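Q: Sequence:
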Amino acid sequence: MALLHRAELRPSKLELLAGWLSGRSWFAGEAGAQVSRVAAYRFDDPAGEVGVETLLVRAGDGPVLQVPLTYRGAPLAGADEHLVGVIEHSVLGRRWAYDACGDPVYPPLLAAAVLADAGQAEEYFEVDGKREVRPASMTLTGSRTGRAVPTGPVSAAPVPAGPGGGDATVVRVGDVELAVLRRPVPAEVPGAGGLTGTWPGQDEPVLLAFAR
1 MALLHRAELR PSKLELLAGW LSGRSWFAGE AGAQVSRVAA YRFDDPAGEV GVETLLVRAG
61 DGPVLQVPLT YRGAPLAGAD EHLVGVIEHS VLGRRWAYDA CGDPVYPPLL AAAVLADAGQ
121 AEEYFEVDGK REVRPASMTL TGSRTGRAVP TGPVSAAPVP AGPGGGDATV VRVGDVELAV
181 LRRPVPAEVP GAGGLTGTWP GQDEPVLLAF AR
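Residue numbers for the sequence shown follow the working numbering, beginning at 1 and rising by one.
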């Protein structure tokens with residue numbers, strides 16, 4: 001489960017993305033336009049140290065873009081090229097936000113969702129000592145391939161368009177390659193396994209990631 005805080009963020013996540021997205025090779029939309037949130041989902045870091053959240057956003061009237069992020073309480077060594085920016089969190093203090101595809105915490109969590117339908121983390125607030133669950137903004141469906149979820153070295157690199165169009169980023173964990181679709185669209189789930197999502201207004205499942 002993911003514990004959330006009712007906090008002020010400076011800059012906000014969307015403000016941070018507004019200045020970062022247009023510099024990505026896979027960006028599509030209006031450069032400089034306001035970035036709006038479409039939906040989001042989270043994974044649990046087993047160590048409880050790193051926030052792992054994927055935002056689905058659009059810039060102006062552009063297509064939906066998928067942006068996996070990790071939030072850390074200190075800089076990640078050797079990951080400067082993946083740094084999205086720094087956020088001042090009124091509860092947790094300074095947080096370093098990274099493109100999750102360049103963070104070693106993310107690939108094993110994505111692999112579990114793609115290969116074993118591990119699902120998303122339930123989000124909740126602590127209110128007067130009681131747990132208040134926040135409803136999920138979207139539904140995730142992974143494959144149940146029967147394959148063991150891999151562990152081991154991880155890496156990330158840009159690759160050409162995935163099925164159905166849209167640029168992708170490949171992350172590797174152990175001997176498994178996973179493609180994260182940056183512009184997710186409805187597409188058939190590959191036989192090796194995939195992760196799809198729906199949200200209000202998007203009833204046809206879109207392919208978010210798949211095993212290569």
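Accuracy of the hints is not assured; some may be wrong.
[Stated by the list, open to error] Label pairs and their computed distance ranges (CB to CB):
1) Asp175 <-> Ala31: 14 to 24 Å
2) Gly93 <-> Gly191: 42 to 52 Å
3) Ser12 <-> Pro75: 17 to 27 Å
In case anyone wonders, no lab produced these hints; they're calculated from the structure. These numbers come from a predicted model, not from an experiment. Positions of the beta carbon are idealized from the N, C-alpha and C atoms, including for glycine.
Q: All hints are to be evaluated individually against the structure, with a verdict given for each.
A: Cross-check of the supplied hints:
1. Asp175 <-> Ala31: 14 to 24 Å: violated, 39 Å
2. Gly93 <-> Gly191: 42 to 52 Å: holds, 45 Å
3. Ser12 <-> Pro75: 17 to 27 Å: holds, 21 Å
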